[in-house]
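Participant: Next come the chains, spelled out residue by residue.
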Amino acid sequence: MHYTLADYVLDIAQNAVEAGSSSVRVLLDEEKTGTSVVIEDDGKGMGDEELRRALDPFYTDGKKHARRKVGLGLPFLRQATEQAHGDFAIASKKGGGTRVSFRFPADDIDSPPLGDIPGLFLSALCLPGGHEMVIERRRAGPGGLGYRLVRSELSEAVGGLELASSLALLREYLVSQEETEDGN
Amino acid sequence: MAKMTLEQLRKLREEKKSDIARRDVEGKEIQVIVGMGTCGIAAGAKQTFDEIVKALDAEGLGDKVIIRQTGCMGLCYVEPTVEVVMPGMPTVIYGKMTADTAKELVKKHLVGKTLLENHIFDRPAADIVKK
Numbered sequence: 008m009h010y011t012l013a014d015y016v017l018d019i020a021q022n023a024v025e026a027g028s029s030s031v032r033v034l035l036d037e038e039k040t041g042t043s044v045v046i047e048d049d050g051k052g053m054g055d056e057e058l059r060r061a062l063d064p065f066y067t068d069g070k071k072h073a074r075r076k077v078g079l080g081l082p083f084l085r086q087a088t089e090q091a092h093g094d095f096a097i098a099s100k101k102g103g104g105t106r107v108s109f110r111f112p113a114d115d116i117d118s119p120p121l122g123d124i125p126g127l128f129l130s131a132l133c134l135p136g137g138h139e140m141v142i143e144r145r146r147a148g149p150g151g152l153g154y155r156l157v158r159s160e161l162s163e164a165v166g167g168l169e170l171a172s173s174l175a176l177l178r179e180y181l182v183s184q185e186e187t188e189d190g191n
Numbered sequence: 088m089a090k091m092t093l094e095q096l097r098k099l100r101e102e103k104k105s106d107i108a109r110r111d112v113e114g115k116e117i118q119v120i121v122g123m124g125t126c127g128i129a130a131g132a133k134q135t136f137d138e139i140v141k142a143l144d145a146e147g148l149g150d151k152v153i154i155r156q157t158g159c160m161g162l163c164y165v166e167p168t169v170e171v172v173m174p175g176m177p178t179v180i181y182g183k184m185t186a187d188t189a190k191e192l193v194k195k196h197l198v199g200k201t202l203l204e205n206h207i208f209d210r211p212a213a214d215i216v217k218k
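Just so you know, the sequences run in chain order A and B. Under this note's numbering, think of the first position of the first sequence as 8, with each following residue one higher. Under this note's numbering, think of the first position of the second sequence as 88, with each following residue one higher.
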């Protein structure tokens, strides 16, 4: 089981990238009453039966690791949202991409902490592949913020997303995006 | 630190690039690969990745090392796992690479060129090795 909400987002974002997507969209919306996340891709998608089985922890398509018997990413997330009385939804179409959305209420003791957001975006943006990724981050209320990250733009700005020095620059940029207007 | 714009980010890179150009770069042959499967993430691989980026930059190795992420390396029981590929050193898969140990990895393996004891798990588990 993951510890922070950021870890769940990264896990599902990785699924989205690995589905052979050319475009992945991540939305992280923090409100007073809870945090909502949407991860949408245009990858290979799943049919109804495959989708049902993807939510079974003792099922994996065996393509990533031959003979491996478990696939825990989605089942972990569903279990965590159920436990915290949140919401979880997944919609997918064979050949037409997948959309995962979930929400953790702010006042439930089982909701995970938000976790390290710049670290999450750094890892998510650096997932290997030639895809586009657009991340939208919003936080409502006092100390609110909102920004949008486009993978191709950032990659061009720092000179690729592989070299440690480029990633350090990107990290600095991502940390600065979490600054609120009043400087906190 | 104020919120940075994309333009400032580009400028910062240009400044750093001129620093890099002055140094004697021996080629980008060093690779650090972090396992970012469900097992890795659950064990804190995201923090490990972040720590490695910071430590490499702090040690001045930023322009020599490529950092990649991969899925599960088949060593779920010792996550987070990190593979280091580096000329003059054996390719090693390290396990139990928490954020603190990651700093030590950069200092010992990448700077000091010595192996990190008690963390070597060498090769992927048999079920993911291609035959």
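Heads up, a few of these hints could be off.
Mimicking EDC-like on lysine to aspartate or glutamate, the simulated pairs with C-alpha atoms at most 20 Å apart in a straight line are [claimed, not checked]:
{"no.": "1", "chain 1": "B", "residue 1": "Lys90", "chain 2": "A", "residue 2": "Glu160"}
{"no.": "2", "chain 1": "B", "residue 1": "Lys90", "chain 2": "A", "residue 2": "Glu143"}
{"no.": "3", "chain 1": "B", "residue 1": "Lys141", "chain 2": "A", "residue 2": "Glu179"}
{"no.": "4", "chain 1": "B", "residue 1": "Lys103", "chain 2": "A", "residue 2": "Glu160"}
{"no.": "5", "chain 1": "B", "residue 1": "Lys90", "chain 2": "A", "residue 2": "Glu47"}
{"no.": "6", "chain 1": "B", "residue 1": "Lys104", "chain 2": "A", "residue 2": "Glu186"}
{"no.": "7", "chain 1": "B", "residue 1": "Lys90", "chain 2": "A", "residue 2": "Glu185"}
Derived list of chain A stretches under chain B, where covered just means 3 residues or more per stretch with a C-beta under 8 Å from a C-beta of chain B [stated by the list, open to error]:
{"no.": "8", "stretch": "13 to 20"}
{"no.": "9", "stretch": "34 to 43"}
{"no.": "10", "stretch": "179 to 186"}
One-sided excerpt, in silico: chain A residues whose CB lies under 10 Å from chain B [unchecked claim]:
{"no.": "11", "residue": "Leu62"}
{"no.": "12", "residue": "Gly126"}
{"no.": "13", "residue": "Leu127"}
{"no.": "14", "residue": "Gly151"}
{"no.": "15", "residue": "Tyr154"}
{"no.": "16", "residue": "Ala171"}
{"no.": "17", "residue": "Ser172"}
Hints were generated in silico from the structure; no laboratory data involved. All C-beta atoms in this analysis are idealised placements derived from N, C-alpha and C, irrespective of residue type, glycine included.
Participant: Against each hint, give a clear statement of whether it holds in the structure.
Facilitator: To see whether the hints hold, each was checked on the structure:
A threshold of 20 Å between alpha carbons decides the hint, and for B:Lys90 with A:Glu160 the separation of about 17 Å falls inside it, so the pair holds. Our distance criterion of 20 Å between C-alpha atoms is met by B:Lys90 and A:Glu143, whose separation comes to about 16 Å. Between B:Lys141 and A:Glu179 the CA atoms are separated by roughly 10 Å; this keeps the pair inside 20 Å, and the hint holds. Between B:Lys103 and A:Glu160, the direct Cα distance comes to roughly 18 Å. Compliance with the 20 Å bound is thereby established for this hinted pair.
For the suggested pair B:Lys90 and A:Glu47, the alpha carbons sit about 27 Å apart, so the restraint of at most 20 Å is broken. Proposed proximity of B:Lys104 and A:Glu186 is contradicted: the alpha carbons are some 26 Å apart, above 20 Å. For the hint linking B:Lys90 to A:Glu185, the alpha-carbon distance of about 8 Å falls within 20 Å, and the restraint holds. Counting residues of the stretch 13 to 20 of chain A whose beta carbon lies closer than 8 Å to any beta carbon of chain B gives 4, which reaches the threshold of three, so the coverage claim holds.
By the rule of at least three residues with a Cβ nearer than 8 Å to a Cβ of chain B, the coverage given for the stretch 34 to 43 of chain A is violated, with 0 such residues. Counting residues of the stretch 179 to 186 of chain A whose CB falls under 8 Å from any CB of chain B gives 6; the rule of at least 3 is met. This hint is violated: A:Leu62 has a C-beta 14 Å from the nearest C-beta of chain B, more than the 10 Å allowed. Hint status for A:Gly126: holds, given a least beta-carbon distance of 4 Å to chain B, under 10 Å.
With a least beta-carbon distance of about 7 Å to chain B, the hint placing A:Leu127 at the interface is held under the 10 Å criterion. Restraint check, A:Gly151 versus chain B: the minimum CB separation of about 13 Å is more than 10 Å; hint violated. Using the Cβ-Cβ criterion of 10 Å, the hint placing A:Tyr154 at the interface with chain B is satisfied: the shortest such distance is roughly 8 Å. Contact between A:Ala171 and chain B, as hinted, is supported at the beta carbon level, the nearest pair being about 4 Å apart and thus within 10 Å.
This hint holds: A:Ser172 has a C-beta 3 Å from the nearest C-beta of chain B, less than the 10 Å allowed.
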